[in-house]
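Number of protein chains: 2
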Amino acid sequence: MKNSILAACICLLCACHVETSEKENFTQYVNPFLGTSKMGHVFPGATAPFGMVQLSPQTNFERMFNEDGSYNPDTYKYCAGYQHQDSTIIGFAHTNFSGTGHSDLGDFLVMPTTGELVLDPILTSEHGKGFYSAFSHDSEAASPGYYQVNLDSYNIQAELTASDRVGYHKYTFPKSEEAHIILDMVYNVYHHENKNVWTFIRIENDSLVTGYRQTKGWARTKKVFFAMQFSKPFQSYGHKKYNEETYDGFYRRFNQTENFPEIAGKDIRAYFNFNTEEGESIEMKFALSSVSTDGALKNLNTEIPHWDFKKTRQETQAKWNVELSKINVTTLSLDDKKTFYSALYHTNLSPIIYEDVDGKYRGLDQNIHSSDGFTNYTIFSLWDTYRALHPLFNITQPERNNDMVKSMLAHHDQSVHDMLPIWSHYGNENWCMIGYHATSVIADAMAKNVGDFDHERALQASVNTANVRYFDGLGDYIDYQFVPDDKSHSSVSKTLEYAYNDWCIAQMAIQVGNDSLAEVFLKRSEYYYNVFDTGSGYMRPRLSSGEFREAFDPMDTHGQGFIEGNAWNYGLYVPQDIDKMIDLMGGNTRFTQHLDSLFTMEIDEKYIEKHEDITRDGIIGNYVHGNEPGHHIPYLYNWTGHPEKTQERVRMIMQTMYDPTVEGLCGNDDAGQMSAWYVLSALGFYSVTPGSSDYAIGSPLVKVALVTFPNGKTTKIVARNQNRDNIYVSSVTVNGRKIENNTLTHKELTGGGEIIFEMTSTFSK
Amino acid sequence: MKNSILAACICLLCACHVETSEKENFTQYVNPFLGTSKMGHVFPGATAPFGMVQLSPQTNFERMFNEDGSYNPDTYKYCAGYQHQDSTIIGFAHTNFSGTGHSDLGDFLVMPTTGELVLDPILTSEHGKGFYSAFSHDSEAASPGYYQVNLDSYNIQAELTASDRVGYHKYTFPKSEEAHIILDMVYNVYHHENKNVWTFIRIENDSLVTGYRQTKGWARTKKVFFAMQFSKPFQSYGHKKYNEETYDGFYRRFNQTENFPEIAGKDIRAYFNFNTEEGESIEMKFALSSVSTDGALKNLNTEIPHWDFKKTRQETQAKWNVELSKINVTTLSLDDKKTFYSALYHTNLSPIIYEDVDGKYRGLDQNIHSSDGFTNYTIFSLWDTYRALHPLFNITQPERNNDMVKSMLAHHDQSVHDMLPIWSHYGNENWCMIGYHATSVIADAMAKNVGDFDHERALQASVNTANVRYFDGLGDYIDYQFVPDDKSHSSVSKTLEYAYNDWCIAQMAIQVGNDSLAEVFLKRSEYYYNVFDTGSGYMRPRLSSGEFREAFDPMDTHGQGFIEGNAWNYGLYVPQDIDKMIDLMGGNTRFTQHLDSLFTMEIDEKYIEKHEDITRDGIIGNYVHGNEPGHHIPYLYNWTGHPEKTQERVRMIMQTMYDPTVEGLCGNDDAGQMSAWYVLSALGFYSVTPGSSDYAIGSPLVKVALVTFPNGKTTKIVARNQNRDNIYVSSVTVNGRKIENNTLTHKELTGGGEIIFEMTSTFSK
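In order, the protein sequences belong to chains A and B. Each residue of the first sequence is one higher than the one before, starting from 6 at the first, in my numbering. Each residue of the second sequence is one higher than the one before, starting from 6 at the first, in my numbering.
To be clear, the hints were calculated from the coordinates, so they are not data collected in a lab. A couple of the hints might just be wrong.
Which copy is meant is left open, so a pair is good if it fits within one copy or across any two.
Taking lysine-lysine pairs in the DSSO-like style, the calculated list, with each CA pair at most 30 Å apart, reads [as the list claims (entries may be wrong)]:
no.: 1; residue 1: Lys245; residue 2: Lys492
no.: 2; residue 1: Lys365; residue 2: Lys303
no.: 3; residue 1: Lys492; residue 2: Lys246
Could you build the full structure based on these sequences and the hints that come with them?
Right, dumping it as structure tokens:
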């Protein structure tokens, strides 16, 4: 209550408040541990906003495959390397995904130890001990750009910070004549023996090491280079090879294992030995590059030319404050504020900067490219992030989103398929999930007039993408006007999403004035009709014969033509044509009932256990907030004449599915999509149809939000009479003008001024 | 006899003769099949002089390791991929070593076939057939820059030519609806399953393919990129992966095996399908790069922008004629002429050009470097080639040798060890054999005033190399003033060679006026004393205690402190101090007897069978011409007052160990060293001590040789009264001045004019 009063006060002093907010440290509200338990798949480590280096502790890990070759389901929760319930740390890795639904990375695990040298992270038959350390959350702390923990097994305090491309380690040792820093080039997130392709290490001098690692994980041909500089010369060093395959030349006639500065092979762990005094800190800067060790060195020397850990930590914290201060919220509680800023933090972790300080990066064709006039980004989890993350970027990060579109166009130009990215990272397309949702990101930016990318080129790239016949049933979709279920799995999901993506392309074509193309793609955008079965009232798998498939269970999420969803929820996916979809499904009343049932029905346990992404926590009835295909569904009541039900559901979801604890995410954060849903919804609206400039009104959770745009304009969002009970929105005015149809436009949002939500405890139409 | 008369005639018409020689096609005298049988390790394929692409047939190959893991000794003879006695060809590979004593390469095997597609080169349990083809030598032909053969199993005529960086294939097919061109990315010379690290292929369009292969063979981190362009679009294509390790993304939901343009994995064979008419030729250009596929494309489009096979063939033949015409010889027989020009040809196959047309190349540090002011070369088999090949280059290829020195200096600058190359290829040091003989190459060029490389820098690089303590016993050598046998194997060989190399460094220091350095290295150059055992009269393994090792067999080539030699022959290795060595070993008479015995003694079979490099063919008594450590020995009689014995031995070796047939090499050609010995000896002299500008006079085999130098000067070498019996040299005059001590200087040789050897059938002092 005290908070509310304070907020109300601030609210009366707008100008002042802005002044104040610029000096406020918003990083204090971020809990990097939020969601690090169970299935959030986020990490607590140190990173700059959208930083290439995401330096984070890796806790006692599980192998993806058991020794008998069987899949180990426990692996999945280690997508970001860290699980909060674990009690041991095996080291700090420089690359991590935030919240993804599958994984990779974990490059360059570094671990400081003392005592007898142990080179395996975990117990092996060879060693009675791994180099892992016990740790306690009592000694652990994290804030944006900073992480610290005591490694209790060695009495070492570890602190981490990072600039965009350089991780900065500070290890405070006890007195020891056997202090080691281990560089583990074997470890991978989703570790299995065969992921490494090649590793290469050069000891350039007694304090500088360079090298690279090539892996064949989710990114099939991934290469990351590094330069690693110590603040103190090591006394000696060495390595061990963990496979017998390496050919060491015909004559192995002198010792190349210890103090020999050139190391190469498949699976290698290297170590560097020091003498330390009690309380002596050894610092280490670790720069990445996708280009070369030369590139990594350039990044290192440009970004952190000094040995001032605190300076880097403060610079990165300042960068975070710039990002977080773009939305200055007053909330009903400190917990809400923490949840909000932690969510906003999570929306700034990917895509990541993927180029050296000189603009060079390794492209899809494995050639070195230069970003010309933009910053190149990677990690595009587009099936997730087109929904709310990129729309949020058009509010909070329009300049970066412009660069992300340009990065996707560069991807297209490098792609041998002439395709925009589907799910791409580190110069690789991993083909994860369906649709070609880069088109949505582009159409959304165009609709909102964000960026200066070439619209004609973007349209052409989208058209090229939409015509790659060998891609995932697309040829059949074009020929049959739906994806036949006997030719391609997930046939209904694909049909629905291709149709939406085609609508996005049509919007681009309209915008650039290409009517004939617009006509082609508007026609394609209606193909969703063709999988609607009027008989059952569901979107349903259809065969190439034209018949709907006989066997059909609308509750099952497997083998029913949908992917990560069922006909009940995923079948409501026609964001480009919601009114017509409602008509198809029986009109407003019937559709409202369908939504009501969706949120209230009892789901048989058998349908839930099959889905690895979601736990009971992320589910409300048959609505699955823990995964993306339904994220727009709570807002669909706006189209049935029952916005109050949207408001109820949205508030309920925000209050029950999010909190600022380690269990504060009810499913994978999915590269920020889950958090972006929260940020937008907390502000009172959501991007139901990316590619249009409209937002659907929900029910804001904040009391006040001051949003600052790059052009200097600010828009203040005020939820008058906000409290836990006043969840209904009786009116919304933009600079005094009342808005209609529960729709806010991007122009209204970003035009500056004041948007006032009148909140009430009861809904009256 | 007819030949001799003709030669004598020409000899009288000098000016005319030069005129004529410029138009003469010397390539007609080259037999690329010379030495392709047994242990010559040379290849008959198509290449430009020092070309990066050395495109050659690979005959039915053997795996290096048998299925039970044991070494297969038959592998060794396939060092260059081809054995003349074989009856099947499995394809044409773009990189091959010429004559080396160990192997690697064999990149990008291409094979045209017809009929049912078979993707394994040899019989496998899966297939009843491999894609190999029978062939006959009747249809096979080769000349410098050109190779052709009929692939009898498919009725395909294959023709190959090459520019510096591009292989050019021409396949004339029968009528077929199932014509294939296979790109085998699995095959390696010294094939074993685990050599590939990664392969990557992109089908850029219906006639252009790019990609790369990374291997971990002798070059531990080797990457070669390619661009492959067909003259006719393929109708379809596909690939097969030969290992199960590759991770294909989480969703393998559409066909990525056929007509899918992006292929990556460890072991891959790809195929391209065509319809062909009877007699239709499909041509294919295949460019290499160490940098990138962009680089390969640039090389392709720059070097062969057309589809005129004949033009490329003629251009490359013309390049060969430029190289071969530098020494225009008249010989006693056509066979001698063929042997001579084939030897000269073999001295122009390596080192190879290792940079793109724009000067970029992948260095030792795996970064991309640009050659600034020189052409970068690789494949330095220096323990072999410093002896006669690089000295020959100072006569025939001074500009290239200058670039080779600069390439070695660039290697030093990229080396994390600060070392000059030992045995390097494709941006890798493979540490093969002993010593640091790059110092010899540099000292020899400096002594002969060849090139414009930076002498101070070259000296510093040499000094750095000579002080890398962890290298191969070098620290012990410095500390003990010899390599102790209890600390390092091959201890005597190393001591002798380090001492010689140190003398080379001293010569550089003298030349640049650094007296103190010269003193240091002159002292080191005397360390050979320290392994001479006055008791036994042999160079002998010595222990760190200072005692000579008790167990010692001066005839054995294994475990006696020598490598690829024994105390009897390798012990005569003090090229920098021959007079003192002779003194040590008892003076002229005793040493002469030692040499006499060496050439005449009966060797127990047990000593020969142990040595894989040499067959009985390459051995005269205990003198081993089939390997390098003794190549200077026949010339040592010059120092004992018995030059006539040198003349006898040298003529005998030339006449018995070389001929223009497939068996015309008595051991590995060793990157041209064996051939260079022949070329120099046939001209009448040899580089006994590279690093001095002196040549030891032998007995010329030619009748006349007109040597043209880059500055336009010509020196005519005339062996007056030359015939098979007149093997003794009664006098040598340079422009009328008689030379002394059986020593010709480089200045005398290259100064222009006439060098006349008076040949006689009996020797009189």
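> Should Lys245 paired with Lys492 be assigned to within, between, both, or neither, using CA atoms and 30 Å as the limit?
Replying inline: Between copies, since 23 Å is at most 30 Å while 49 Å is not.
> Within a copy, between copies, both or neither: where do Lys492 and Lys246 come within 30 Å Cα-Cα?
Replying inline: Result: close only across copies, 24 Å inter versus 46 Å intra.
> For Lys365 vs Lys303, is the C-alpha pair at or below 30 Å within one copy, between two copies, both, or neither?
Replying inline: both (11 Å within a copy, 20 Å between copies)
In the structure shown, no violation is registered for any of the earlier numbered hints.
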